[in-house]
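Student: Take a look at the letters that make up each chain.
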Amino acid sequence: MTTSTEFQHGMTAPLKAPMVITAGEPAGIGPDLVLMLAQQPRQHPWLVIVDPELLRQRAIQLHLPIEIVQWQAGDTVPQAAGVLGVIAEHLTSPCRTGELSTTNASYVLRTLERATQGCLQGCYSAMITAPVHKGVINDAGIAFSGHTEFLQELCKVPKVVMMLATQGLKVALATTHLPLRAVADAITAPLLEEVIGILDQDLRIWFGLASPRILVCGLNPHAGEGGHLGREEIDVIEPCLERLRQQGLQLIGPLPADTLFTDKHLQQADAVLAMYHDQGLPVLKYKGFGQAVNITLGLPIIRTSVDHGTALDLAGTGRADAGSLATALQYAAHMAAIKEHL
Amino acid sequence: MSNLRPTVALTLGDPAGIGPELIAKLLSKPSTLQQANIVLIGDPWVWEAGQQTAGVKVETLAIESLQQARALDSDRPLFVAVDSVKPEDVQVGVAAASGGASVLKVLDMCLAAVSQRHIDAICFAPLNKHAMKQAGMPFEDELHYFADYLKVDGFFCEFNTLGGLWTSRISSHVPLKDVASYLSVERIKQATRLIYQSLAAAGVAQPRVAVAAFNPHGGDGGVCGREEIDIIAPAVKALNDEGLPINGPFPADTIFLKARDGQYDAIVTMYHDQGQIAIKLLGFEKGVTVQGGLPVPITTPAHGTAYDIAGSNKASVQAMENAFAIACRMGASYRAQTRG
Chain A
1 MTTSTEFQHG MTAPLKAPMV ITAGEPAGIG PDLVLMLAQQ PRQHPWLVIV
51 DPELLRQRAI QLHLPIEIVQ WQAGDTVPQA AGVLGVIAEH LTSPCRTGEL
101 STTNASYVLR TLERATQGCL QGCYSAMITA PVHKGVINDA GIAFSGHTEF
151 LQELCKVPKV VMMLATQGLK VALATTHLPL RAVADAITAP LLEEVIGILD
201 QDLRIWFGLA SPRILVCGLN PHAGEGGHLG REEIDVIEPC LERLRQQGLQ
251 LIGPLPADTL FTDKHLQQAD AVLAMYHDQG LPVLKYKGFG QAVNITLGLP
301 IIRTSVDHGT ALDLAGTGRA DAGSLATALQ YAAHMAAIKE HL
Chain B
1001 MSNLRPTVAL TLGDPAGIGP ELIAKLLSKP STLQQANIVL IGDPWVWEAG
1051 QQTAGVKVET LAIESLQQAR ALDSDRPLFV AVDSVKPEDV QVGVAAASGG
1101 ASVLKVLDMC LAAVSQRHID AICFAPLNKH AMKQAGMPFE DELHYFADYL
1151 KVDGFFCEFN TLGGLWTSRI SSHVPLKDVA SYLSVERIKQ ATRLIYQSLA
1201 AAGVAQPRVA VAAFNPHGGD GGVCGREEID IIAPAVKALN DEGLPINGPF
1251 PADTIFLKAR DGQYDAIVTM YHDQGQIAIK LLGFEKGVTV QGGLPVPITT
1301 PAHGTAYDIA GSNKASVQAM ENAFAIACRM GASYRAQTRG
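Those sequence lines, one after another, are chains A and B. So for the first sequence, my numbering puts the first residue at 1; every next one is plus one. So for the second sequence, my numbering puts the first residue at 1001; every next one is plus one.
Think of the hints as simulated: they come from the structure by calculation, not from any bench. There's no promise every hint is true.
[What the hints assert, rightly or not] PhoX-like cross-link-like pairs, simulated, lysine-lysine; straight-line CA separation at most 25 Å:
| hint | chain 1 | residue 1 | chain 2 | residue 2 |
| --- | --- | --- | --- | --- |
| 1 | B | Lys1086 | B | Lys1105 |
| 2 | A | Lys287 | A | Lys264 |
| 3 | B | Lys1129 | A | Lys285 |
| 4 | B | Lys1237 | A | Lys287 |
| 5 | B | Lys1057 | B | Lys1086 |
| 6 | B | Lys1105 | B | Lys1129 |
| 7 | B | Lys1105 | B | Lys1151 |
| 8 | B | Lys1151 | B | Lys1133 |
| 9 | A | Lys287 | B | Lys1129 |
| 10 | B | Lys1029 | B | Lys1057 |
| 11 | B | Lys1029 | B | Lys1258 |
| 12 | B | Lys1237 | B | Lys1258 |
| 13 | A | Lys264 | B | Lys1314 |
| 14 | A | Lys264 | B | Lys1286 |
| 15 | B | Lys1029 | B | Lys1237 |
| 16 | B | Lys1286 | A | Lys285 |
| 17 | B | Lys1105 | B | Lys1133 |
| 18 | A | Lys285 | A | Lys134 |
[As the list claims (entries may be wrong)] Covered by chain A, per the in silico footprint, the following chain B stretches (three or more residues, Cβ under 8 Å):
| hint | segment |
| --- | --- |
| 19 | 1162-1175 |
| 20 | 1204-1216 |
| 21 | 1311-1320 |
Note that the Cβ used here is the ideal one computed from N, Cα and C, for glycine as well.
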């Protein structure tokens, strides 16, 4: 993994506490990815919350040499190639690679709870999540709409913001998984103030930006073109941005989304706020080439995640790509280092 | 010269914009002249100014009217002089009703020639809609003006093309809150069929067309919106039943990656920003707009009049060249169909 220039500063200072990865759905590629990353020496210490037996079996399946060390608080975290520090959380029932089982839904959630509690207590400096399978957790009778909402509840915060990042581009979303026909009604001044407030604050705390510059997308084509193509910019977005500017925030926009994502504008900003999912994500995927990460803002802890799913069909084959998890680790280390040095 | 060559009309566009300069650059390239029997129509003083800006001199053959163009198929561009605007009424770099009136007069003449089958395609240099409206155009854009003039009663829409990739959209300049109401099985079928047929007319043997989804993650099986299940997928199925190999619906965040990797020739998008964001990322300066669903091919660069650089010889001719090349290919198909 090459280290992008974006991560140069803050990378040399050692983290005070190790980071922790949750290996996610046991039948998916999560265990494969941590085994792949553990084949190289690590610059920053990280541990994995996972069933060690599951990991051993998967390593055999993948023909990857691995020494698994069960880590206890106070121990040194192994960082050498082929050695992996693990916090043991046991499966409820044995797992077959690539086959979902509702009985292990509670195991998946236990790994998330342990990571979150550990981060809240300061035992870990950040958590990085491998993919979970929402469907099988819900099929097990546990209402679960995603990592983001689960962590929001565990951390007892009123609002979180989903931000995706790749080299040179960070995009936060005002609305996430809403049907498109419901988006316009959801764009309200209180929502935007809350989302922009979190984005601005977390860019300061986690990314060390003294005065973050945020580019805000319009909602309508051509950002409404003076009201001819929709009035939300005039009625909602502009007045809201103006209020926030008076509080000292650096906000540019609302701009037409199709021109905003060109270099001319992006070079002037630290992050973009998109109004809806497909306004922001296609650009990120296009620019990211599989190296995009999902960052949850608004939490008292650092949480980054891969931008892909469980890929059940690839589990155990060795064909999974660990690039997104490696990038998620880089971002988490970068954010943790900045937080520690503030 | 073979009389099978399409006769393509070129216009100078808004006289205050970069159009005259672009046409001068286009016609100074030998490769341009091989593609068609070209007939340029415009004011001699505007054309002269364009050549001066571009620093080129293009030899033309003056003719009386567009009507004569086909018979005079020539190695040199033909030139029909009009008197549509006075030098004192044009300030380079400034939109004005006089420029809009000039554009309308020239396009009217081209459309009349199309109706009488004197020309096989029109390729126009950038114009300014607001200037045309100031000059009395009673339509929202030039596409609606063309459709009205040519009495089109079927489905028509604009295509944006970029290299080998074409896109169209089900709704265009409408507020986001209304876009869902524009989706219908019939509209998606018409738009998709049209882009398929237009690609074929532009010389793509077996067009590979994909249809975009509407909601995040393509609706996630109905959890995140039902338009895919209720409208888009049934439209795709109906097209497949007609024998058109159309794919989709695909989520917006992956469909343009597939297109970039060469898997598709065209994407039918559901709303303005779904396609436009991607198109601009892919390289807007090369893009072409094709006016789809009209009886005759009409193309133009996707960019505008670029008033800020007009008269300075800084304009890139690439999109204009691409627009002309597509007009020639589609014009040849049109000529083959309408001949005899």
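Student: Indicate, hint by hint, whether the structure satisfies it.
Tutor: Here's how the hints hold up against the structure:
Pair hint Lys1086/B plus Lys1105/B holds up; C-alpha atoms about 13 Å apart against a cutoff of 25 Å. Restraint check for Lys287/A and Lys264/A: the C-alpha separation of about 15 Å stays at or below 25 Å, so the hint holds. Between Lys1129/B and Lys285/A the alpha-carbon distance is near 34 Å, which puts this suggested pair outside the 25 Å criterion. A C-alpha spacing of about 32 Å is found between Lys1237/B and Lys287/A, which places the hinted pair above 25 Å, so the restraint is violated.
The straight-line distance between the Cα atoms of Lys1057/B and Lys1086/B is roughly 22 Å, inside the 25 Å bound, and the hint therefore holds. About 14 Å separates the Cα atoms of Lys1105/B and Lys1129/B, which keeps this hinted pair within 25 Å; it holds. At most 25 Å may separate the alpha-carbon atoms for a hinted pair to count; Lys1105/B and Lys1151/B meet this at roughly 18 Å. The hinted pair formed by Lys1151/B and Lys1133/B meets the criterion: a straight-line CA distance of about 20 Å does not exceed 25 Å.
For the hint linking Lys287/A to Lys1129/B, the alpha-carbon distance of about 33 Å lies beyond 25 Å, and the restraint is violated. Restraint check for Lys1029/B and Lys1057/B: the C-alpha separation of about 11 Å stays at or below 25 Å, so the hint holds. Note on Lys1029/B and Lys1258/B: the hinted pairing is violated, with a Cα-Cα distance of about 34 Å set against a maximum of 25 Å. A C-alpha spacing of about 21 Å is found between Lys1237/B and Lys1258/B, which places the hinted pair at or below 25 Å, so the restraint holds.
With a C-alpha separation of about 18 Å, the suggested pair Lys264/A and Lys1314/B falls inside the 25 Å cut-off, and the hint holds. A distance of roughly 17 Å separates the Cα atoms of Lys264/A and Lys1286/B; the hinted pair therefore holds under the 25 Å criterion. A C-alpha spacing of about 46 Å is found between Lys1029/B and Lys1237/B, which places the hinted pair above 25 Å, so the restraint is violated. Annotation: proposed proximity of Lys1286/B to Lys285/A holds, straight-line Cα distance about 22 Å (limit 25 Å).
A hinted pair counts as satisfied when its Cα atoms are at most 25 Å apart, and Lys1105/B with Lys1133/B qualifies at roughly 13 Å. At most 25 Å may separate the alpha-carbon atoms for a hinted pair to count; Lys285/A and Lys134/A meet this at roughly 22 Å. Closer than 8 Å: that is the beta-carbon criterion, and the segment 1162-1175 of chain B has 4 residues meeting it against chain A, so the requirement of 3 holds. Judged by the Cβ-Cβ criterion of 8 Å, the segment 1204-1216 of chain B is covered by chain A as claimed, because 3 of its residues qualify and three suffice.
Taking a C-beta to C-beta cut-off of 8 Å, the segment 1311-1320 of chain B contributes 0 residues in contact with chain A, too few for the three needed, and the coverage statement is violated.
Hints 3, 4, 9, 11, 15 and 21 from the earlier list are contradicted by this structure; the remaining hints agree with it.
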